[in-house]
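Starting from the given sequences, assemble the full structure and let the hints guide the process.
Given next are the chains, with one letter for each unit.
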Amino acid sequence: MQNMLTIISSALCRITGKNVLLIDLSDCSLVQLEPADPNPIPGLSSPTNPAAAVTRRAALTLCGARVVVSRSFADFTPQATFDIKKCDLHRLEEGPSQKAELTREQGLQYYRTMQTVRRMELKADQLYKQKIIRGFCHLYDGQEACAAGIEAAINPSDHLITAYRAHGYTYTRGVPVKEILAELTGRKGGVAKGKGGSMHMYAPHFYGGNGIVGAQVPLGAGIALACQYQGNNQICVTLYGDGAANQGQLFESFNMAALWKLPCIFICENNKYGMGTSVERASASTDYYKRGDFIPGMRVDGMDVLCVREATKFAADHCRSGKGPIIMELQTYRYHGHSMSDPGVSYRTREEIQEVRSKSDPISVLKERMLSNNMASAEEFKEIDIEIRKEVEDAAQFATSDPEPPLEELCNHIFYNSPPLEVRGTHPWSKLKSTS
Amino acid sequence: MTHSDPYINRSADWSKPTDLGGGSAFSPAEDRLKMAASLKCFLRSGKNAVSALRRREFHRSAPAAVQMTVRDALNQAMDEELERDERVFLMGEEVAQYDGAYKVSRGLWKKYGDKRIIDTPITEMGFAGIAVGAAMAGLRPICEFMTFNFSMQAIDQVINSAAKTYYMSAGLQPVPIVFRGPNGASAGVAAQHSQCFAAWYAHCPGLKVVSPWNSEDAKGLLKSAIRDDNPVVFLENELMYGVPFEMSEESQSKDFTVPIGKAKVERQGNHVTVVSHSRYVSHCLDAAAVLAKEGIECEVVNLRTIRPMDVESIETSVMKTNHLVTVEGGWPQFGVGAEICARIMEGPAFNYLDSPVTRVTGVDIPMPYAKILEDHSLPQIKDIIFSIKKTLNV
Chain A
1214 MQNMLTIISS
1224 ALCRITGKNV
1234 LLIDLSDCSL
1244 VQLEPADPNP
1254 IPGLSSPTNP
1264 AAAVTRRAAL
1274 TLCGARVVVS
1284 RSFADFTPQA
1294 TFDIKKCDLH
1304 RLEEGPSQKA
1314 ELTREQGLQY
1324 YRTMQTVRRM
1334 ELKADQLYKQ
1344 KIIRGFCHLY
1354 DGQEACAAGI
1364 EAAINPSDHL
1374 ITAYRAHGYT
1384 YTRGVPVKEI
1394 LAELTGRKGG
1404 VAKGKGGSMH
1414 MYAPHFYGGN
1424 GIVGAQVPLG
1434 AGIALACQYQ
1444 GNNQICVTLY
1454 GDGAANQGQL
1464 FESFNMAALW
1474 KLPCIFICEN
1484 NKYGMGTSVE
1494 RASASTDYYK
1504 RGDFIPGMRV
1514 DGMDVLCVRE
1524 ATKFAADHCR
1534 SGKGPIIMEL
1544 QTYRYHGHSM
1554 SDPGVSYRTR
1564 EEIQEVRSKS
1574 DPISVLKERM
1584 LSNNMASAEE
1594 FKEIDIEIRK
1604 EVEDAAQFAT
1614 SDPEPPLEEL
1624 CNHIFYNSPP
1634 LEVRGTHPWS
1644 KLKSTS
Chain B
1280 MTHSDPYINR
1290 SADWSKPTDL
1300 GGGSAFSPAE
1310 DRLKMAASLK
1320 CFLRSGKNAV
1330 SALRRREFHR
1340 SAPAAVQMTV
1350 RDALNQAMDE
1360 ELERDERVFL
1370 MGEEVAQYDG
1380 AYKVSRGLWK
1390 KYGDKRIIDT
1400 PITEMGFAGI
1410 AVGAAMAGLR
1420 PICEFMTFNF
1430 SMQAIDQVIN
1440 SAAKTYYMSA
1450 GLQPVPIVFR
1460 GPNGASAGVA
1470 AQHSQCFAAW
1480 YAHCPGLKVV
1490 SPWNSEDAKG
1500 LLKSAIRDDN
1510 PVVFLENELM
1520 YGVPFEMSEE
1530 SQSKDFTVPI
1540 GKAKVERQGN
1550 HVTVVSHSRY
1560 VSHCLDAAAV
1570 LAKEGIECEV
1580 VNLRTIRPMD
1590 VESIETSVMK
1600 TNHLVTVEGG
1610 WPQFGVGAEI
1620 CARIMEGPAF
1630 NYLDSPVTRV
1640 TGVDIPMPYA
1650 KILEDHSLPQ
1660 IKDIIFSIKK
1670 TLNV
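Quick note, the sequences are listed as chains A and B, same order.
In this text, residue positions in the first sequence follow the numbering used here: the first is 1214, and each later residue adds one.
In this text, residue positions in the second sequence follow the numbering used here: the first is 1280, and each later residue adds one.
The set of hints was computed from the structure by calculation and includes no laboratory data.
All the pointers check out, no bait thrown in.
Restricting the straight-line Cα-Cα distance to at most 27 Å, the calculated cross-link-like pairs of lysine-lysine (DSS-like) are:
| no. | chain 1 | residue 1 | chain 2 | residue 2 |
| --- | --- | --- | --- | --- |
| 1 | A | 1646 | B | 1541 |
| 2 | A | 1644 | B | 1599 |
| 3 | A | 1646 | B | 1443 |
| 4 | A | 1312 | A | 1298 |
| 5 | B | 1390 | A | 1474 |
| 6 | B | 1443 | A | 1401 |
| 7 | B | 1443 | A | 1408 |
| 8 | B | 1389 | A | 1474 |
| 9 | A | 1644 | B | 1541 |
Distance windows between CB atoms, simulated:
| no. | chain 1 | residue 1 | chain 2 | residue 2 | range |
| --- | --- | --- | --- | --- | --- |
| 10 | A | 1602 | B | 1471 | 57 to 63 Å |
| 11 | B | 1466 | A | 1645 | 39 to 45 Å |
| 12 | B | 1385 | A | 1368 | 38 to 44 Å |
| 13 | A | 1645 | B | 1655 | 39 to 45 Å |
| 14 | A | 1474 | B | 1417 | 17 to 23 Å |
Where is the CB? At the ideal position from N, CA and C, for every residue including glycine.
Okay, here's the thing in structure tokens:
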């Protein structure tokens, strides 16, 4: 009976989108009320409201009844195991597990993270079209599973560095949406006080945000060197795109990372297009997971947050065990063009974009999984959506109303820990001050 | 007395005359050391050292002062800083097992091992980026370029990843790194290996650019550079590596540093200010010695730091002498001398000039190979003397 009620209430909940409270009165026994109720509840015991009378009576005897509430946590599947896509392997005997365990809490957390990034990026799109954000703006929507999955598999004390499509990682590495949007709008409340912009946001153990294609890869290897040097068992996740994958400095980094066994996970986010050039037109070999040659590699479904998480866990273990670097290729997709100045349809079809959206959207994939396994209700997801919408709205409000950085800040932060110095302005009479 | 005579008594304070008085005898051990040093110099500099051997008997150093080559001064600076702070490490081509392409890091790998002295493959862009990344993550790397010509392979990492990051992050991410190596012309290495990069690096905000001349400069400035929490480009000079200088007692301390951003007056004078950096300070001092015989007293200013440039010291000097000559090995256009001219013009010293500033520079051509051509591509002492006289209109 309990199970039946659970199933019915869940179904009703999904259908109506509302809480469904089902009370099992089968074992209820109606007990005589005390005569002459001293405090009659108005309208309750009146003969014109017999249902109310029953309700009250029923309420008094509810201790014997079982109440089934569709929103009880005890009714959701707390944990489930999912089959995930097998990874193509290069120089690896075995790869990540093909089964991923997901708890309800984790699922909701990943959903929240991905949805927040999605909404934040769409808000940035809106603000850019309103000319409140200017310059470069490279949006990450479509690739959320990469950022969320990687963060789920590493520790906050691990390190991460990426290229210019960095807003998602800035969020997963701990910077609030408010500070990201305010940085995009160039206000003093931005994470870099408005001085960095879209491509130059930083946080503890997050090294940006790098504008020069490929330059972040040697930097990441260097951060891994520091981890090894300091013996702190931390690793560095170094991301780059399919376009950057042909840069010479990557191969220089691969060589040194392999020689010195640096604890570095090199991750290629292959979203099929380097700006407007498809991978077939840019790379003689599009097997980016094999491009490290002597470095083992895996090709991972980057649209499935669980795949990304399992692969990253595997890679992190590989690095932490002293085996040296490893490469992951995440096959993913971006809905927007390369940047806001690129409509994104001159080198690919709208049909292609639509197909990915409908079949492989990372947020939908996770949500469907959780719903069909009764790990959460549609209602819950809706509530999360509403919360996120509000968070992003508030952040946008802050980002548009916060003042721009004061002119006194213009020349600061040239040097660290140095005495103040004079900086020449645009003409000899303009002598500006720079403090650390 | 030519500049390449290594045994001229180059004390740190040039204004003191050489002590030629007869005095107490040397100790035999000291004698042998000096003999060995002389022999080394002779083998290196050939005929010029003959006069050094002859002059040796008159050389008398104060008991506490010590002769040290620029190479050894750099080595000592790195050794002391490696010992002082375990976050400091050295990486570059041949720095470890080869003892350094120019032997500047001799003995360091033996003492500190693989972890702290790292041989890299020939991949400047890669290892410069790795060094910058390590600096971002809390270490204090010294990144050696075998010569600064090869730094062009890595210049993006120096400028865009190192120099600009503290500003772009509004103070969240400092980059405490030193890029060092020989800069400028060597001897017979031709066009691709002879460029001076002082002007290129000094152009960029966020970098400190340092150019030592003598051993004290080398040791003190390198220690300051390593202790500095910002990216420092440290421009050495291959031809100066083997030149010995007297090291004051103060400079022998493990905590001896020379501040970045302060020039030094190497020779006092009243008639003309001569500003230079690196190897050409020697040329200027030699020219000054020649001109002194004609009654022209030059004030020689050793810049020590190119960026931030100590313009005030130059201005103070110019306001005394009313004439300015700049001397450098780099090309004239958009160079260090050009910057000095502009800054003097914009400041109070302009009104004190009795004639326009003169720049003495390398010839505006790629460096040729043949010795006669190479000699005529760089400022010679006679060029400096000529320029000073023209500036003074004598």
